[in-house]
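**Student:** Could you put the whole structure together from the sequences, leaning on the hints where they help?
So the protein lines, in turn, are chains A and B.
Going by the numbering used here, the first sequence wraps up at 1743, each residue one higher than the last.
Going by the numbering used here, the second sequence wraps up at 493, each residue one higher than the last.
Since the hints were made in silico from the structure, they are not lab data.
One thing to keep in mind: the hints can contain errors.
Computed list of chain B residues with no C-beta within reach of chain A, every gap over 10 Å [what the hints assert, rightly or not]:
(1) Lys-213
(2) Asp-251
(3) Trp-256
(4) Ala-398
(5) Met-461
(6) Asp-466
In the DSS-like style, the derived pairs of lysine-lysine whose C-alpha atoms are separated by at most 25 Å in a straight line are [as the list claims (entries may be wrong)]:
(7) A/Lys-1467 <-> A/Lys-1375
(8) A/Lys-1529 <-> A/Lys-1395
(9) A/Lys-1712 <-> B/Lys-243
(10) A/Lys-1664 <-> B/Lys-436
(11) B/Lys-436 <-> A/Lys-1713
(12) B/Lys-436 <-> A/Lys-1677
Idealized CB from N, CA, C, for every residue including glycine.
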Amino acid sequence: MRVLMFGWEFPPHNSGGLGTACFGLTRALANRQIDVLFVLPKKVGVTASFMSILFADTRKIKFLEVESSLKPYVTSEGYVRERDKIISDIYGNTLLQEVRRYALRAREIAQKESFDVIHAHDWLSFLAGVEAKKISGKPLILHMHATEFDRTGGQGVNQDVYDIERMSMEYADGIIAVSNFTKEKIIKHYGIPAEKIEVVHNGIDECDYANIPDSLSELKRNGQKIVLFAGRITIQKGPEYFIRAAKRVLEHNPNVLFLVAGSGDMERQMMLEAAHLGISNNVMFVGFLRGDDLSAVYRTADLFVMPSVSEPFGITPLESIIAGAPVLISKQSGVSEVLTHALKTDFWDTDDMANKILGVVSHRSLWQTLWGNSREEVKKITWDAASKKCIDYYAKMICDCGVPPEVRVI
Amino acid sequence: MASICFYFQVHQPFRVKDYRVFDVGRDSEYFNDDSERSINNKKILHKVAGKCYLPANAVMLELLNKHPEFKISFSFSGVFLDQLEEFSPETLESFQKLVATGRAEVLEETYYHSLSFLYSPEEFRRQVAMHREKIQKLFGVTPTVFRNTELIYNNALAHEVEKMGYKGIIAEGADHVLGWRSPNFLYKPQGTKNIKLLLKNYRLSDDIAFRFSSKEWADFPLTAPKFAEWASQVNGNGQIINLFMDYETFGEHQWEDTGIFNFLRHLPEEIYKHPDNDFVTPSEAIARYEPVAELDVHNYMSWADVERDLSAWLSNAMQHDAIQSIYSMEGEVLATDDARLIEDWRKLQTSDHFYYMCTKWFNDGDVHKYFNPYNTPYEAFIAYMNALQDMKLRIHNYRAPELDDIKPKKVAVHHIS
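**Tutor:** Right, dumping it as structure tokens:
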């Protein structure tokens, strides 16, 4: 079986969960002997030597880069800004024009290459998937990592983006949603029938997180406890609820330090909010972190909090658990469907959030039980399990689409 | 002769509400949830009374009236009786009617359905004495057979209970303790003289309690004739079949539409079809049969989970932390002589609180999750520990009118002669 995949940059060049997901899934597919033809917009470039580090068997994966300024993670205010303004690059096109131009290049690729199924990740590549299907007649699967409603927090949904998402999903043969939470959104906001949507939860491969440096233990002298927010500081991630919960916690226990790792359009607003609440001394903004730096922060933290307003999946809690911090996650997240050993809260219930944060920082026995159990649980949430579901779904789609048996390679 | 000995555990804890750290020092009502959640004690009691206690008691009364030799026994926790008095007096009355027949024996246990024997023998004796007083007051009878919380048992407990004057004690017929031996005889706890041990026949008990409505079970559906047939097979190689289970089996764990009440309604007549069979209460069994051997149970066993040990209440760090915290307060709490405070402290000793914190099988969505009214074991722990925080504050703030009056509260410990 050969998959034509329209994906996004891999770590460490990515700036969000989409690249991590594309990488984890592709590697797991390759390990299951699936050929992947991986198409991505050229920005950083993918060298052959880098690929041989990432993949044990590079023969399974072939990369095709397309000249394009598209990048996957632009969100909420920043997203809206970039989405609507003229991108000042060599092409001078709008984002939507660029998406269409990318789709035309995809058409050329689909003409030249042979494959059995098309798999496209998130809306920026959906038109590429649609064009590839038009040319090849092969089944098209769209992978929804986030909808326009998640990215904007439901405020200011862009009609053009919505139309592309909806039209593509209607045209596609099947849709993969990263959670039931996302599946429900697709049904509710896009009118797609439930039977057309398959849920495949993301995974994590713990071997990617070996040898995490313990470089921040200094922060914890004097018995100070550390509570972490890590993610884009945008409306989707709920940073303001984190700050408000921090205020409540500090009223009870002043010996807690709140770390905010990330950047985003609400960063300044959050700093002002912390100052306004009089808790600036206990809230540290450490900027955008990745790789070992981020892992070191996870490891130092006593608790990782993900107060997302709307989180289709959310891989960061899984990373945090592997690195050494138990998690408090919003119920409005996909990851809460696969993680039972986590504290859970409604993102808006900052009193409940503070109550649970105080529980963890006050009782070592709670920390120990929560982290120990979640660490075991995460071992079962793998990309291999996700890839297995994808392969089964490909097989189903190839049959459903009336592809003649002689070209089936299963 | 095979004697059927029915014993039903009837217990409901006072569940702790979603008690937040911000409530500490402001609200000392830990058990008064009034939401739609299943930590609303009044709501749960009404639900179970409607589905189980009232209809099951009606069937039992019908059977006692119809069969003059039919007998059963109950172990009511004190906290359950408290809740009946407060929320459902009619249910209490229906139990009183059963006991008044003289053929529904009442067993002794700790008032608070606690693990006190493991942590404070003095507190254990006080809670047993409180239970006896309560049973005498509500039912006019004095129990002579003891049953510890969730059938938690070992040699030391048997010695203690013998010293307190009880004639019999009830425990699980766990394989790891019995080995090749049969639960269908009476035993003598190791090193005791005057106390006899009744062991649960867990296969036949669980056929009713757990497997009754299981369609995957090879013997489904279970009918009264079939069960009576199995029971009669004990004739010749056993004297007594101890069928011990939660009373909530009837109508709550096995819903009415499974046919559980009809099964119960027909069971005595089917049992009597075999002329060698009859029904006994635990104290009758003790009067009638002699122990066949001494049984050595050094480590604690219980009737919980496949392990039949203490791990349902005491396996993770949270559970140990919580239980050690509550018992470490004993001296200070009793020194206050504040009845409300002492009662709250005791209500927080009920074993269910620690059961809710169990993470052992949490992954698999099994029985622990089914019986857990909290979203996660972690939430159960947080609410509990916050309540303890408030208790500490109450102890700290307690001021006796005169210092000379502060004496540990004494509860009389009576011995049965």
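**Student:** For each hint, tell me whether it holds in the structure or not.
**Tutor:** Hints and how they fare:
The beta carbon of B/Lys-213 sits about 39 Å from the closest Cβ of chain A, which is more than 10 Å, so the claim that it is off the interface holds. Under the 10 Å C-beta cut-off, the non-interface status given to B/Asp-251 relative to chain A holds; the minimum distance is some 28 Å. Listed as outside the interface, B/Trp-256 is consistent with that label: its C-beta sits roughly 37 Å from the nearest C-beta of chain A, beyond the 10 Å cut-off. Not every C-beta of chain A lies more than 10 Å from that of B/Ala-398, the closest at about 8 Å, which undercuts listing it as non-interface.
Under the 10 Å C-beta cut-off, the non-interface status given to B/Met-461 relative to chain A is violated; the minimum distance is some 6 Å. Separation of B/Asp-466 from chain A is adequate, the least Cβ-Cβ distance of about 13 Å exceeding the 10 Å criterion. At roughly 24 Å between alpha-carbon atoms, A/Lys-1467 and A/Lys-1375 fall within 25 Å of each other, so this suggested pair holds. For a cut-off of 25 Å, the pair hint linking A/Lys-1529 to A/Lys-1395 is broken: about 29 Å separates their Cα positions.
For the proposed pair A/Lys-1712 and B/Lys-243, the alpha carbon gap of about 52 Å is over 25 Å, so the pair is violated. Under the criterion of a C-alpha separation no larger than 25 Å, the hint pairing A/Lys-1664 with B/Lys-436 is consistent with the structure, at around 23 Å. Our distance criterion of 25 Å between C-alpha atoms is met by B/Lys-436 and A/Lys-1713, whose separation comes to about 16 Å. Taking the CA atoms of B/Lys-436 and A/Lys-1677, the gap is near 19 Å; set against the 25 Å cutoff, the hint holds.
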